[in-house]
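K.L.:
In case you want the letters, here they are:
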Amino acid sequence: MKKFRLSAGFFLMGTALVVGGLMAHAVTFASASPEACPEAQAEVSMVAHSSVTTTVSQASLAIEPSPVVEPFTEQVCLDCHTNQERLTELAVEEEVVSLNEGPG
Amino acid sequence: VAPLEPWERVWIDAEKYSQDVHSLINCTDCHGGQAVDDMSAHEGMVDEPAANPEACGDCHTDVTPAHLNSLHFTLAGYDTAVYERSTPENHPAIENMESFHCQNCHATCGDCHISQPASVGGGLLDGHAYVPVPPMSQTCTACHGSRVKNEYYGLNEGFPADVHFRGRMSCVDCHTGDEMHGVNMTANHRYDGPAEPSCESCHADQIGVGSGIEQHEIHGTEIVSCQTCHSVQYTNCINCHVEQTADNIPFYSVEDHFMGFYIGKNPEQNADRPYRYTTLRHIPVDINSFSYYGENLLDQFDNRPTWEYATPHNIQKNTPQNASCESCHENDSIFLTADKVAPEELAANQSVIVEHAPMLPDWYVPAVVEEGEDSGDSGGGDDFWGGGSDSEGDSGGGDDFWGGESDSGSSDSGGESDFWGGDSSGGDTGSGNNSEGGGDADFWGGN
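Just so you know, the protein sequences line up as chains A and B, in that order. 516 is the number that my numbering gives to position 21 of the first sequence; each next residue is one higher, with no gaps. 1619 is the number that my numbering gives to position 201 of the second sequence; each next residue is one higher, with no gaps.
Same shape as in the complex, but just chain B:
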């Protein structure tokens, strides 16, 4: 998201804001400060009133109480993952660390409905008007940028955008308001409780036995998760740790990242996610990640895998691993075997490491491949990309993707203003996985 100019961040669109019911409330009722015509007006002012739950909760009694327990507000997911690797006596030091490095990810009502999140520089979304449906690029993927955004938009070089993105679905088409607000949820981690959203919500008739799809009939619903067969390579990060500037200001830094696709044993296997195998992503934790704040804070590092259950947002119909049975069976290269795990993390990942890829069944007879026929490699053939696209992995230039004419180099999304959250005329989402992201500033959160 391109940062807003300083004046844009605080500019109120008089016309739009006058239509907003919140304009009936005095500025100082929410923001404090003084209603005077000089800079002393800002003395004692509250930049972000929504940080105080009462500011919205006084009127919005249906949503605010739930939101106070949502993962977006509590960041309990971080605590769950970090505390499990630690002991209670280290928690105060970890909380101190979180106050500097995690709390700017915490989302208030205003972070989605009034302004851009503080983590991307803030600034009013739409001239201070309340935005009922948060615009995807300015809010959701502004925070969920390095993994979800790149996967979903097709910004990882060589890999297409998620099939749902190409179908013009934005985040809220799957992630409902109730889910975002934490209504009827008491999760301490995003994989607590039933999968929400789930593939079954839309694809119930295509899943498992009775679907009529050969691979689904064979694998049922308890062997592999949907993403195991339908996602492609995703970002894995290494060694997030707190460093300090020359002025002793701490900041966190991720050492490196790499693209990869790894199937491992399901660390979250339960009635809601019964699959034996699923995709695993390396998360950037390291035993010394927080040593700036204290020695050996992650003293129970081996309690939780560093290769975690992953739901990559780059779903494709056809992928290298579902091209043929041999793509997975007896193919150790796409499984998380011990040789792919760092020696110092082997103990933590024992529960997810796979010794060998599953064998092909005795009755299996390999398909006869005619000379010249695609043997199902992981290249960029039509099969891999779901048909209709060129072999360079273009994320959407073909007519098939968009249902109309578009030039072959760019994935024109059609320019619908409501989809992108602003007045977009071009809607170029980037040419074929080009990480530059195309030229439509509005798409990335500008005007």
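So here's chain A without its partners, still in its complex pose:
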């Protein structure tokens, strides 16, 4: 019973430490706002600038055709070459003229 109490105590302490740690991290992130230092402000402004650029180029892309790989258009080839039954019917043994013989 004493052991159980001890374990429960450790469990509660551990949980409290983890929660406390997470809260401390949250506070640190919140305090690291752009207003906190000039370098951070400059970074944010650069990010904001590039965000604007991206938005503009995305807008122009929306008008132009998408430069993605064209979809596979030759399903007709695959339809035949994946069909064993059809290939068995159509594929014929080629007449092979042997250009060599012997153990060499």
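Simulated from the structure, these hints should not be mistaken for laboratory data. For glycine and all other residues, C-beta sits at the position ideal for the given N, C-alpha and C. Any given hint could turn out to be false.
As the list claims (entries may be wrong) - Residues from chain B shown here face chain A by an in silico Cβ test under 7 Å; the list is partial:
#1 Glu1433
#2 Asn1444
#3 Cys1448
#4 Gly1450
#5 Tyr1710
What the hints assert, rightly or not - Computed beta-carbon distance windows for the label pairs:
#6 B:Val1439 <-> A:Leu585: 38 to 44 Å
#7 A:Arg581 <-> B:Gly1462: 47 to 53 Å
#8 A:Arg581 <-> B:Phe1676: 46 to 52 Å
On the provided structure of chain A, position chain B as indicated by the hints.
P.N.:
For chain B alone, kept in the frame of chain A given last:
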């Protein structure tokens, strides 16, 4: 390799191929032809796009340029050997001959990674999926069949498989991708430049002085090549020549072949291969080999030995010639002496013929052989086969070979699918040197 059924050669495995990045490319981008639903689709079609280096080279810029200079692609090894026996004015006729009889050995990217080589009938390897590591039996030994395959797999009757094969090593375990693709190589023959692969790559601490192995300490690294002591009898071929069918279609034919083991002077002796003695194999060239294409094309026949430097792929720890000192010393029978060379080839082979086997040193005292003790003959005793196998030269039935239970008559390789290049369940590589090759079709390149 069992030939594929006609439908199998062109069947695309939809599931596997859809996982392959190449499936993003349109069929006609590589193969030409038309994307229509009838046989006219094949009009103007290119069977083997990889024959055009640009087909692969457009994307695979790291490998393709090197491969274009590799011996697999250029077949420069043939040219080197044939041209050395000829004069420049005969080269056009020889090139004509090669276009009919040698070019089907030329290997493109697709011959190893997409399909079986054309020389064994072609056909897709794995439903058109790209195969990163070419399966040994369907690609490597499909071409290198008569000598390397039989030696390495233990298919020469009476001789076991190579010790590396019994250790489940496939070709690519020694022959790297860079070597196969010719990366950083400018060889005109396979024995140009440093040995690659070399025994030293894995066995550095067992070679020469300082190895602690008595025979290696005595012989060092400049007297004999490794294979001189560690290979067994191999195939020698005689008289390859071009014949013609009743319809005047030329084909080449090898007159005969025989098993033998011959030590001679090293024709490739240099800093990379400093050995005084090495194994020699008779290659099937003859002064009239190509006379179908012109008279006296090999007019410099004596410029190059017909017994050439050999690297038999049947390496064993214990062999007849390393059983005792007397196995080699003062034993002319395993040396290439003049009496073993055809009279018409004596001039060509002067540089490799050995007058007599080396004498035993003065200080040598023969070992006393107790009555009943194996005197080191070349029979099939345990010593010869490396221990643990029966005296019939079984290529791998014993527990020792495979590290587990296997029946004594067959060399079960364990059935690992990646080793054999397919879904293998049995992996029987053939029972004790039986040239039938066992029953596992996958091993030989089928499914």
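K.L.:
All hints are to be evaluated individually against the structure, with a verdict given for each.
P.N.:
Verification of the hints:
{"no.": "1", "hint": "Glu1433", "in the structure": "violated, 9 Å"}
{"no.": "2", "hint": "Asn1444", "in the structure": "holds, 5 Å"}
{"no.": "3", "hint": "Cys1448", "in the structure": "violated, 11 Å"}
{"no.": "4", "hint": "Gly1450", "in the structure": "violated, 12 Å"}
{"no.": "5", "hint": "Tyr1710", "in the structure": "violated, 12 Å"}
{"no.": "6", "hint": "B:Val1439 <-> A:Leu585: 38 to 44 Å", "in the structure": "violated, 28 Å"}
{"no.": "7", "hint": "A:Arg581 <-> B:Gly1462: 47 to 53 Å", "in the structure": "violated, 22 Å"}
{"no.": "8", "hint": "A:Arg581 <-> B:Phe1676: 46 to 52 Å", "in the structure": "holds, 49 Å"}
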